[in-house]
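Chemist: Residue-level listing of the chains:
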Amino acid sequence: GAGVSQSPSNKVTEKGKDVELRCDPISGHTALYWYRQSLGQGLEFLIYFQGNSAPDKSGLPSDRFSAERTGGSVSTLTIQRTQQEDSAVYLCASSLVGGRETQYFGPGTRLLVL
Amino acid sequence: GDSVTQMEGPVTLSEEAFLTINCTYTATGYPSLFWYVQYPGEGLQLLLKATKADDKGSNKGFEATYRKETTSFHLEKGSVQVSDSAVYFCALPGSSNTGKLIFGQGTTLQVKP
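Chains as they are written, first to last, in my numbering: chain A, 1 to 114; chain B, 1001 to 1113.
Bear in mind the hints are in silico, worked out from the structure with no lab data behind them. It is possible that part of the hints are untrue.
To be verified - For lysine-lysine, the following BS3-like pairs were computed, each having C-alpha atoms within a straight-line distance of at most 30 Å:
id : chain 1 : residue 1 : chain 2 : residue 2
1  : A       : Lys57     : B       : Lys1049
2  : B       : Lys1049   : B       : Lys1068
3  : A       : Lys57     : B       : Lys1052
4  : A       : Lys57     : A       : Lys11
5  : A       : Lys15     : A       : Lys57
6  : A       : Lys57     : A       : Lys17
Stated by the list, open to error - Covered stretches of chain A, as calculated for chain B (at least 3 residues, CB under 8 Å):
id : segment
7  : 35-45
8  : 53-62
9  : 96-110
Unchecked claim - Quick list of the computed label-pair ranges, beta carbon to beta carbon:
id : chain 1 : residue 1 : chain 2 : residue 2 : range
10 : A       : Pro55     : B       : Glu1042   : 28 to 34 Å
11 : B       : Gln1045   : A       : Pro55     : 25 to 31 Å
12 : A       : Leu114    : B       : Ser1014   : 24 to 30 Å
13 : A       : Glu20     : B       : Arg1067   : 40 to 46 Å
For glycine and all other residues, C-beta sits at the position ideal for the given N, C-alpha and C.
Here chain B stands alone, though its shape is the one from the complex (with noise of 0.2 Å):
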């Protein structure tokens, strides 16, 4: 069946520091794809999505591309915050045609000053 792997956490990193983390998928077809973020005490929010093959999405600085070469859809950013502290998840929609969606573990990111 459908489904989601994300790169272990905590990362912590400094301010200004380039963050990755990794998501890689295993989907019948092209789903779309999907990275949430969840800041401490709060829902979840949608970041960014990629609906297609070698889209890239963006928002608030954080970047990914939709690889289906590598079944992977990693997400970046050049220069991170302390507001940037969250966990975000990976996700997307499985296989039937619910739309229901399929999550990674999630990865916890805290920035330091």
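Pulled out of the complex, with its shape left as it was, chain A reads as follows (with noise of 0.2 Å):
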């Protein structure tokens, strides 16, 4: 694709209710990160993707959260059993190769967890 896209742009959940979050990098790109972006920790690293393999669970809050990605492509992340502080922007990024490739990334899906 041209770009990478992200659905949907916009979530308002319920506190406890599961999320999913998607992903579609650019065609070709093997590297996928999900980044998250909020008002008190500014943009912070979630989880890195090479290929369908995640090495780089790093980021993540804590186990309600959890990322995957099918046929070297799409990804999704999951919130589950939501709670207020998991509103943000999530922001998912692909580069050709993972390392120190410029990354390219989505517009973003603004959650609301009420």
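Join these two chains into a complex; the hints should help.
Modeler: Below is the structure:
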């Protein structure tokens, strides 16, 4: 595709519900990253995929957060039992390969937990 | 560990003023350095980058020079426009081989006509 796409663009959910956020990276990019942007914490790394495997999950804030990637392409970030502190913009980025290549970001999913 | 420090914002300038946004970093070795920009209501966009010491990245009239002596990558523009109003983030890849980006806290720039 022309760029990284994410869906939904906005999500409002009730505390305790599960949510799934989707990322479609640039075609041919093997590396995929999830970040979170929140008012109090700035931009934080969550997880890195190389192909379908996730060698770095160090940024996931709790075991309520998980992510998968299938076919070396689309990735889904799942947040279980959402809490109000999960409210943030979730950004996905991809790059040609992992390491120090330029990352290209999607528009983000704005999550609001009521 | 690796880190990035940006000057506090917001920065408010009049149109055609000179802009400097300071960025300093702590890192192992000599990583690539990036400036990303986030316009109101939009996602992060790569503004410019430099891959080695003394390199100068430039784009849209913005420039930044990779200075290893001062561990800095300050963003400059000679004459800002209202359309440059945005949040600017300095970033570098973390020390692991994953390339996960470490961002500064962001600097909000507001340019007034």
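Chemist: Does each hint hold? Answer for all of them.
Modeler: Hint-by-hint comparison with the structure:
| no. | hint | result |
| --- | --- | --- |
| 1 | A/Lys57 x B/Lys1049 | holds, 26 Å |
| 2 | B/Lys1049 x B/Lys1068 | holds, 15 Å |
| 3 | A/Lys57 x B/Lys1052 | holds, 28 Å |
| 4 | A/Lys57 x A/Lys11 | holds, 24 Å |
| 5 | A/Lys15 x A/Lys57 | holds, 24 Å |
| 6 | A/Lys57 x A/Lys17 | holds, 23 Å |
| 7 | 35-45 | holds (count 4) |
| 8 | 53-62 | holds (count 3) |
| 9 | 96-110 | holds (count 11) |
| 10 | A/Pro55 x B/Glu1042: 28 to 34 Å | holds, 30 Å |
| 11 | B/Gln1045 x A/Pro55: 25 to 31 Å | holds, 27 Å |
| 12 | A/Leu114 x B/Ser1014: 24 to 30 Å | violated, 41 Å |
| 13 | A/Glu20 x B/Arg1067: 40 to 46 Å | holds, 44 Å |
Hint compliance for this structure: hint 12 is the single one not met.
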